[in-house]
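Following the hints, put chain B in place on chain A, whose structure we already have.
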Amino acid sequence: MESMKQETVQDSAIPHTPRVGVYICRCGGNISDVVDTDHVAEICRLIPGVAVSKVHTFMCSDPGQQTISDDIRQEKLDRVVVASCSPFLHELTFRGAVMRSKMNPYLYEHVNIREQCSWAHKHDPRGATAKAIQLISAAVGKLSHSTPLEKIRLPNHRRAMVVGGGPAGMKVAADLAACGIPVVLVERSDRLGGKLPILNRLFPNGQAATELAAKLESQVLSNPKIEVLLKSEVTTVSGFIGNFEVAIHGDFGPSGHATDIHTTVGVIVMATGFKPYVPTDGEFNFKRHPAVVTTVDFNALLSKQKGDARTFQFDGRCIRSIAFIHCVGSRQVDGVHTPAVDGRINTYCSRVCCTTVLNQALQVRQRFPDTRVYDLHQDIRTYGRGHEEYYTDASRAGVVFYRYHGQEPPEVTNTNGPTSPLRISVKDYLSWGEELEIEADMVVLAVGMTPGPCETLVDQLKLPRGEDRFLQEIHPKLRPVEISVNGVLLAGTSQAPMNIQETLAAAGAAAVKARAMFTTEEVELNPYVAEVDAHLCEGSGACLTQCEYDGALAMVEILQDGHTVRKAHVNAGLCVGCGACVAVCPTQAINVSGWRIDQYDAMVDGLVRDLTPTTI
Amino acid sequence: MAGKFNSDLHLDITAFGGQDADMCMNCGTCTTICPMSEDSGGGFPRRVIRLIQTGQQAKLEESLDPWMCYYCGDCTTNCPRQANPAETMMASRRYLTSRYDFTGLAKLFYKSALAEILAIVLVGLFVTGLFVAFHGPMVLNKVELNTFAPVHAIELGDWIMAAVLSFFLLAGAARMTWWTLGRRNMLRISPMIFIQQIPVFFVHLFTQKRWHKCGSHHSGIRWIKHLLLVSGYLSMLTLVLILLRWFQTDTVYPFYYPQRLWGYYATIALLYPTLDFMISRWRRKEPIHLFSEASDWIFLIMLFLTALTGIMVNIFRVGGLPMATYLIYVIHLSIAVPMLVVEVPFSKWSHIMYRPLSIYLAGVKQAVGAARTREEQSAEKIAA
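The listed protein sequences correspond, in order, to chains A and B. For what it's worth, the working numbering labels the leading residue of the first sequence as 1, then goes sequentially. For what it's worth, the working numbering labels the leading residue of the second sequence as 1, then goes sequentially.
No lab work stands behind these hints, which were simulated from the structure alone. Heads up, some of the hints might be wrong.
[What the hints assert, rightly or not] Some chain B residues near chain A, calculated using beta-carbon distances under 8 Å:
no.	residue
1	SER7
2	ASP22
3	ASN26
4	GLY43
5	THR54
6	GLN56
[Claimed, not checked] Here are the simulated distance ranges between beta carbons:
no.	chain 1	residue 1	chain 2	residue 2	range
7	B	ALA171	A	PRO290	42 to 48 Å
8	B	TRP282	A	PRO290	52 to 58 Å
9	B	TYR272	A	ASN416	55 to 61 Å
All values derive from a computational prediction rather than experimental measurement. All C-beta atoms in this analysis are idealised placements derived from N, C-alpha and C, irrespective of residue type, glycine included.
In isolation and in its complexed conformation, chain A is listed as follows (with noise of 0.2 Å):
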């Protein structure tokens, strides 16, 4: 990259006369079956500027790309075209090709004839190859007006913002510290562990939540490099990678009341966790018979049992027989179940509550043996290791399981007033369809996960959330802690439903994510992004109008000509060189770099221009 800079500069004046080199891909036969290659090369010849058009079987080969070095030394060539397969294959491989040749690598431009061409239109053999000469055309006719172009370089601030003093929060905080990055963790409560505390016993290995809870939280303080600013909210945020600005308000300084902190920093992790669904009012009875919880309620009530009572006690109580009802809140069915304020429903499946219910219902069949327990499922989704265990125990703990259809859930009734069972009706695909009524003292609502809070940020850098609301990534497999916004992570549930197990290998994959953010001083950007000719600019501020990236475009008053003049100004981090300025410009005085007006227009002109020659 160091060496790129200094060799481009040679570069940077526009030739009067452009050498441009053509070289047109056989992909082995996925092109040449079709294009007429030899055909298109000759023809190449003719476009003005073009110096060189050759016929490769792969271009992307070693022989290939080094056909394209040795021309460019030998013919002096300073531009050049590969028209071989989509961009997204190999355009990175020809333009590093030319860069090791000394060549400014934005002065390569990729034709697709493989997709566009020869696989699209292979009953047209002679209008594929029409189309493939138009396309070279347009593009060498782009590059004719192309100048070199530099990757932005921003200053990269070495600090992390932690959004969240969950278990992933604290996870991410400890590892990145632990690297020697700086980091601030903002949590909006008055103390670090988020929901884990409140887990009881985790499942596989039965450890106690709070035992885990203490371990991270000990990591994070006594780690210098943390700063825990407890009770605080990010309150405005901007920026872009390795310099975001970021505002908390929060309890914190020796005076003790709210104080707002502004901090600049490189990475933004989001940590924001999840919230148990609540039951809406009346829900299997919720709210309505004190004997319905949620399976967070039952956490509490069970590590609030005392004694060695043979069964289990509730609002002091024998509660004989406890019915668990799976996937509250979680694939919710259109037409069934009721939409939220927002009018969706949760299609999801929550994942952890099936191991969560068998834990449960474990811990009560083998603490209170007089204690029946039944267990209503759409199906057991017991999927991580040493779950399945889970099921296979309660079933030997005799837990019956029963199974609904997701169209007809379990309907709960009141019997008899707040101490009296409850009556469940239950259409059991188990007992073959049939119609089975039970009785029971308590009933526990498996309660899935919905997204947290994280409103303030989504809005404030535009980060993208699924259509189940949970914040999405970039590519479920090969990007699953990024999302699309430049140097911000994901990391735990504010990303999807996940257990604990899945939280922390997201939170600590999140902060080597992070980490290799920092392995440079500066942040390297695309220079696909608006600039503006402050001659050409006459401020009227038509661009910013159509903006829709905070920050990216900004009226600055200088001084021209002993005048103070406003002026357009783009902040190269946050322009995405998305071209809604270009458009609404009444002057023409801003473009996107690499993608001008003027080289649209050579396209197009590349495109109309007549080839025909006398032999076809």
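Below, chain B without anything else, positioned relative to chain A:
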């Protein structure tokens, strides 16, 4: 729908000898293996176990499934959870017997061997007491049983007992019918169907031919032994209830005389299977004999002793030993009467009624279903 829910049903069944039904995970291996399950349409044993696990007492009481099982034990042999479905089926038959009986005595006897033995002893002492108080003159120079115990008096006692036992047994049968045919729904069934199915009851009462479908390779032999036992029992019933005046005589007929031949046949038909079953239970030879409840032993021992004392009466009478004959006659009746009084309506022997009745009721249900289908089809035709 409304089913009576009983969260302790599984415990109740355990009290009747059920084992490990809690272990069942409803995989259905038992049902797949059972050759009887498919044509009775109930999906047992799985469904029965499921009803027990889920506390569906009313549905269990409405079910004929337990009676459709003849206990080959293949399900237990193949159960992957060692949940012993066959024994659960057996226990549910005991449970249902206790539910059909409105007096609560069946429940008491099944749950407490002591109560059952005490009841037998009391009835036995009562019978002995009757003889001590009311016996006729004891002729000692030759055997005159009919002087000691006049046949018309014994016959009267037989009939009174038969009437009482029939009342309790029929009451149980009525409850079974009422529940399994759907209570009030039963009233809508055409009487013709009830009449048409009557032969089914008697065919199965006399032949137990459904047993042929039962799975285990021992079933064939067991069926023959059981058939022998039934023939012996029904023979004796006929001889003492209908033909007592011919059967209880002081005349010693020649050996080949039908009265003696029939009696000997019945004796052998009672002694051999009961002895065989006892040995099998003792040695746990067959799956069905692996687990023996007190009620099983009491039933076999009493039946064996009845037959044994019965033949001894004959031996002493033919051998010309008056005192021994009178004495063993009193002992014989002091065993036979309590056995019948306790076992027939309130314990294991009640299956003589419930087994054929269940097949009869299944036939009625099937006929009702077929009639309904026909009605629906004709209604569709009319509508079309």
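Hint by hint, here is what the structure shows:
1. Of the supplied interface hints, the one on SER7 (chain B) holds, with its beta-carbon coming within about 5 Å of a beta-carbon of chain A, less than 8 Å.
2. A distance limit of 8 Å between C-beta atoms decides the matter here; for ASP22 (chain B) the minimum to chain A is near 4 Å, and the interface restraint holds.
3. Proximity of ASN26 (chain B) to chain A holds as hinted, the smallest CB-CB distance being about 5 Å (cut-off 8 Å).
4. Hint status for GLY43 (chain B): holds, given a least beta-carbon distance of 7 Å to chain A, under 8 Å.
5. For THR54 (chain B), the interface hint holds, the least distance from its beta-carbon to any beta-carbon of chain A being 6 Å, beneath 8 Å.
6. With a cut of 8 Å, the hint placing GLN56 (chain B) at the interface with chain A holds, because the nearest CB-to-CB distance is about 6 Å.
7. Taking the beta carbon of each, ALA171 (chain B) and PRO290 (chain A) are about 45 Å apart, inside 42 to 48 Å as hinted.
8. Between TRP282 (chain B) and PRO290 (chain A) the beta carbons are some 56 Å apart, a value that agrees with the proposed interval 52 to 58 Å.
9. For TYR272 (chain B) paired with ASN416 (chain A), a C-beta distance near 59 Å keeps the hint of 55 to 61 Å intact.
When each numbered hint is compared with the structure, no violation occurs for any of them.
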